[in-house]
Amino acid sequence: MKSRANLVRRWLFAAGVLLLSECAWSAPSSTSIFSNKTTPAHQLNDLSMFVLGITGLIYVGVSSLLLYAIVKFRARKGDTTEPPQVFGSIQIELSWTIIPILIIVVLFLTTARVLFSVQDAPKPKNALDVIVVGHQFWWEFRYPQYNVVTANELHLPVSSKDAPRPAFMKLTSADVMHSFWVPQLDGKTDVLPNRVNEMWIDPHETGLYLGQCAQFCGPEHAKMLLRVYVDTPEQFKAWIAAQQRTQAELTAVPGGPEGSANEAAPNVGNEAGVVQAAATSKAPPNSPTTRGNVTPSMGEQQQISARMGQYVFEHEACISCHTVAGTVATGRYGPDLTHMMSRETIASGAVPLTKENLLAWINDPNQLKPGSLMPAMHLSERQNEQITAYLMTLK
Amino acid sequence: MGTDSMPAPQGIETGLDRTQELSRPGTYLELVHSWIVTVDHKRLGILYICYALVFLLVAGVEALMIRIQLFYPHNDFVSPYTFNRLFTMHGTTMVFLVGMPILFGFGNYLVPLMIGARDMAFPRLNAFSFWISAFAGLLLYYSFIGGVGLYGTGSAPDVAWFAYAPLTERPFSPGHSTDYWAIAILANGIGSIGTAINIIATVFCMRCKGMTLSRIPLLPWLYATVSFLVLVAVSPLTAAQAMLLIDRYLGGHFFDTQMGGSAILWAHFFWIFGHPEVYVLVLPAFAFANEIIPVFSRKAIFGYPAMVAASVGIGFISLGVWAHHMFTIGMTSFGNAFFTLSTMLVSIPTGIKTFNWLATLWGGKIRFQTPMLFSIAFLFQWVIAGLTGIMLSVSAWNWQLHNSYFVVAHFHYVLVGAIVFMIFAAIYYWYPKMTGRMLDERLGKLHFWLMVIGFHMTFDVMHFPGLLGMPRQIFTYEPDRGWTLLNQIVSVGGFIQGIAVLVLVYNLVHSYFRGVLAGPDPWDAWTLEWATTSPPPAYNFVVDPVVASRRPLWDLKHPEDPDSAFE
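Protein sequences appear in the order of chains P and H. For what it's worth, my numbering labels the leading residue of the first sequence as 1, then goes sequentially. For what it's worth, my numbering labels the leading residue of the second sequence as 1, then goes sequentially.
Okay, chain H solo, but in the shape it has when bound (with noise of 0.2 angstroms):
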């Protein structure tokens, strides 16, 4: 049954032909012009993604210029203001402008090729959803040249990425720069609740023949949760921005504490967005290492089941526990409890899927190419990240940990850790497939090495600074706390990490020109977006595929043994 209900994917054999791309008639300004007007689902996902490493170095040097300052005690490498704005736009940066495209990115890419569509289900509001989220984040950056703050023009946001109220308020915030901020973010969310819809969209009315819902890669599956999601926590973002800047220019007092308005309203507005956010982040990279641990395993997933049902319970889970971030804001007792309670829920589906993972590793032949290094290196370090996690919903010792350095290394390991690994993962396993070329081999070593040691340096000796009582986002510390010694081994492993990125940075540029031809299935691996040629061809498929089970190629290179004898 299984071999016949799929047909032989169009193009295997022409994907070391590249002669049609290569000769592409044209000018560079027709090929601009081209990457501007594309609604190709595949040139989006790339442009999501270039644009996300440019600010990926961009809030990179930020970090490192933070870390030099916090290098001594009382160092006066920049001023309180500019450190202010470093950190303020680090994060800002690094969630709206490096982890949603860069995810998005993979999304656009992936999602369509592994349903067997060609492309996704709104191709223009694609496009309007990259663009507009372009141009959040140029007007988040035009603030360091065109904002008017206290202290004289080029004045970013300074308000720390969560923008507590009232600080944000006209009183304590004159200027433009909280402005910038302000708009930047709800331009941004617009982008993504248009991508969250497009993605939806494209799981649930786009799949090729035989696909049912229970034969989608988990890739597609997670993105839907995300998706829905997106829709549920940027939503209450965006209308707290909207109220934020009503405050500030229609004379609105939500969150004026001076005229009766609150303070704890913004937290439960930010957080309610902020921590589903985090599992926004955190899971397609979950979705990346669903596709390379089994790939590089050569098991299929195990429980995949479980592992569907555990995306959506974290997704569910997600939305009740965003109050853990206000434990010493003053809830009542019952409160407290409440999130305690459920904070510690998302540990057991997120464990489920840990031990899954280990499952899928259990018996396989292990292939130690770097995509699966990265993966492997992910699978250690979420597991310190989730235990951390859990210490954090502790409400009671929360109150010693909260808003220290603690949690910044906490956070820092689920968003470098595990998000970061597995994107770099997903470059590495998924570039040849964009380019054609397969990424130096030598080169992607060497900047693992780099990343796994610079990254431990950073962020497991972080934690310490925190239980020694380092509260976050101070510009400068007393030398009489044993803090110096910490923050030093910290800031060296930022600069190895920095390293490490140029790596991959040159990695990539130097790849694609010199590379190693690829061809359509370099990994051996068993999904739709291997069976068309590298890079696809506008239209992806020529013959919309069929499929009989959920690893088809697996059926394909396997005529005696296929999946769809076990469905």
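Excised from the complex, chain P in its bound form (with noise of 0.2 angstroms):
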């Protein structure tokens, strides 16, 4: 009866051990813990081998006494007879005391040397800056350096032996608190308002990592999801530097006069763009004001669309919240959308990029996202795929 109980309970526990192998190595999670791509995530990930190896070794050891002693010290059938006591011993108290103490003076100096060189590693002079801010259900990323601003795709270059670049971050909060936790690249950091908190990155490898908030923030925390890419240094660059354009000047020619002029400051386009914003909304659908990036097979109707979108984004409430570089849109409560189609998920990585999850998240954001702090607003069916048709042509 007794040895079948515990036999059930290792049977589980042989089973559990099964279940961790199974997941945690072999299956292809995208977050395990134990997969780990970054010199912080991998020294975390040598440290809790070697604890996992030193709490196994005390379970199997305390278990199997106990199971011995269950066992053997069960009573027989028939004996009512007392078995003789015992009150203690003071060596045997003295030795259980002090083996548990050298074993956490172990724990404890391995565990300190992690958590030293981990948390206080110097700022290489290369590094790049990153500053992350938490919001009630999205992130938005700052490179201060490059003067770009983007929102819930983080892209980092990857970091080599030779040409190290690992990624400072510093994270604060608009809101409420949140939690940045990207499982391969590094364990948690959370996300204060008030506060600015520091952790660093220093990928190894190139490649989509996948995290999400891991404080609890409200509604929506579930949903509040996190994508970083770990690019080589050229696509970085590249994307910098696509990232660095205003819309005034990718509305303007390509690769024209106006357009590289302005490449070494970015921020100019306000004022073309409040220009620009009256033009489109005085000027005729089909006048030659054109734009660069239209391509002919668009067709005429998409491209008034697009015109119309532009127009009634501008007018209404979503630039309150929405900056798109160059525009007169310059709020700062939403994600920036300047760049809004070089991302590959909308809202927080809730649904992939379509326009069909566009069309849907304008009309109503709590269809897709129920608690988004975006809010309906009520435009017709006409206005939301006009305003579709505008964001589609922020590449």
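One or more of the hints may lead you astray.
List time: in silico EDC-like cross-link candidates among lysine to aspartate or glutamate, alpha-carbon distance up to 20 angstroms [said to hold, decoys possible]:
{"#": "1", "chain 1": "P", "residue 1": "37", "chain 2": "P", "residue 2": "231"}
{"#": "2", "chain 1": "H", "residue 1": "365", "chain 2": "P", "residue 2": "79"}
{"#": "3", "chain 1": "H", "residue 1": "557", "chain 2": "P", "residue 2": "79"}
Label-pair ranges, simulated between beta-carbon atoms [what the hints assert, rightly or not]:
{"#": "4", "chain 1": "H", "residue 1": "131", "chain 2": "P", "residue 2": "359", "range": "56 to 66 angstroms"}
{"#": "5", "chain 1": "H", "residue 1": "242", "chain 2": "P", "residue 2": "80", "range": "50 to 60 angstroms"}
{"#": "6", "chain 1": "H", "residue 1": "210", "chain 2": "P", "residue 2": "120", "range": "53 to 63 angstroms"}
{"#": "7", "chain 1": "P", "residue 1": "198", "chain 2": "H", "residue 2": "509", "range": "51 to 61 angstroms"}
{"#": "8", "chain 1": "P", "residue 1": "354", "chain 2": "H", "residue 2": "245", "range": "38 to 48 angstroms"}
The hints are simulated quantities; they were obtained by calculation from the structure and are not laboratory data. We put the beta carbon where it would ideally sit given N, CA and C, even for glycine.
Need the complex rebuilt from these two chains, each delivered in its own frame; the hints are there to steer you.
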């Protein structure tokens, strides 16, 4: 009876270990803490293996003693006598006090070494600075060295031994507490309002790394997803260059004299934007003011639609919250949309960026993501389509 | 010496005689009235336990709804708003309306009996504490119908059970749901502090003749420790709730980050309560194990002085570990190192206790009745819970594990695997004393096995989604993360545990009417509560007992080999 009790427990434990090995190491989970791709995550992983080893040994030791005691000292049938009464032993008490103390000294020193080496690592001169701002329920990323602002999808250059380029991140929040967690890259760092926390990532492999907010922050906490793209240095350079251009430059003829002139001062576009918006609103839809990136194949209607969309966008409340650099839209409350089409998802990773999803999102964000702070603007179907068409031009 | 200093316990011979109780005259109204106005520690203890069992069912249903929602990725069984209310209410209920009341209930019932007293030191304070806690529970649940939240009426608190600021501040939590939460916790805290004062006074002032400090059974010792912890730990929580209410109603800025307040301040306040609270809950579970394991091993507890010292040591150390809930909040490396070390230190007294239980089993003649089955499962599960606790104390690894399902699995291993299992053991062990009837042993074993299977399916497996990057408190998850199958196993296990609890409830009701009569001492035990009738009369003991050792009934049953001879 009793040994069966424990057999079951042992069996369950074995099954657990099996599951662990199944899931944690071989299954292709993109967020396993054991498949690390950076320096700090790698250090944490080594530490965790060491701790797992020690605690595993302790468990096997203590539970086999327990199991032995239960099987060996069970009452036999018909035996009603009392066993000898033992009240204690100072030597034995001392032994199981001192041995755990020694184990703890080892565990503590090992932990402290990793802790100090990660947390107090000096910042190299060529480190990439990133500012992370948590919002209900999306992420804002800023690259102060490049004057680039983006949302939800973080791009980092890969760091190799020959050309190390770790990213040093400062994290803060615009509203409530969040936590930045991409398990393959590093442990969590909480994102607090009225405070700046720091962390660093030194990615060794290119690729897409997934994560999400790890501190409950309100209704849509579960859909506050994170995507980190680790690019090759060349890709990263190209990405930064693309992000630096304002829409004013983009709408001008690409490669034209205006575009290249503005390259050095990316934020100049504001006034130009106002002028352009005014022009758009007055100009007849098929006037030859032309936008360089509208390919002929899009068709006339599409082009009109996008132009009308910009008009609606700039005359509704959209611009109170969103920025499209180079236009009148300079809101800071929601994600920067300047290069929205360069992202693969919308709504902080909740859905892929497709025309249908975008349309549904603009129509009523709460359908896709209940609790989203972006309100439904109650526009007509036609206006929603026009705004969608406009946003689709924000490459 | 031992035999004549202990008068024959009065009432053993009349233990089977329930005529007086059963033939009590009066209507149902009088019966209800007598329970409402009672100041008898035993009746209040039973009220606490019943109150907690009702909320156990409620919070259990909330847990099962959470598990249904997480059965599939992108499931829409409940809305995100409802989900957030469910886990907030599940956590708050289980800690404040189930854990603390049921443990205080057993304390209320057992502490005076075990130290040979006729009641608690302050019987009226005792009644006040219970009723204000009961009021707190009703207030919290009234929010489901009376609360006004952002999304219309009927909004329960939805800010998670640790209610991190500034999510609880006016701009982010309009409506009243957070106020219901804060005021309910505040009222509950007042009740807890009252009970703690009462238990301390009882243990230190009301002991019977001959019961020196070193002869107090371990259960009252641990309850005294717990009560000191409650005094120290619940006070900051009560203060924090007052500050939160000042922020919300009087324009204060303690936690209002937009006006220079601090989010970390709340975290400190909450966890300086929150971590000792874990020990407030687990020490009574240890206390039950300290009583049950020796009786069913037929041996005295091994290393009584070490057990007392370890318990008091856990109490002290637990006051200095709170910030291990905050390793990711941005403390300095020195701060993180300090709390790593202090947290690891808890494992030393805890280890001592575990080894002493092992040594108590060693050389005994172990009887496997239901209370002992739960206690043995507790021992195995407690070892795992302790070891995952050590993993979490490794601050650098904690950066990965924190706020993931690994943590959820860890603390459920403590709260269910250790505390709930020992509460079940205690119910089987002391139910005969409280009602005069035994619980059905076959149903008890069925309950045990369902519970063991369900528990391990749920909480063993729950560690793994955490290791695979699943954060806690999310209402849904993405299908591509490899969490789906694991969550499904967890959910099925949850339902098996639900069935197990229903078996217990059936057993409690069924045995109350049909159970075998217990007599005063069904387990052949050694402490004073078994020296009086089951259930005991209102005055507990006809003659005040006098004791000469830690096990007065052993002395009585074994005059040839009394404990008192070895003291």
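Do the hints match the structure? See the list:
no.	hint	verdict
1	P:37 - P:231	holds (13 angstroms)
2	H:365 - P:79	holds (9 angstroms)
3	H:557 - P:79	holds (17 angstroms)
4	H:131 - P:359: 56 to 66 angstroms	holds (57 angstroms)
5	H:242 - P:80: 50 to 60 angstroms	holds (59 angstroms)
6	H:210 - P:120: 53 to 63 angstroms	holds (59 angstroms)
7	P:198 - H:509: 51 to 61 angstroms	holds (58 angstroms)
8	P:354 - H:245: 38 to 48 angstroms	holds (47 angstroms)
The structure is consistent with each of the numbered hints, conforming to all of them.
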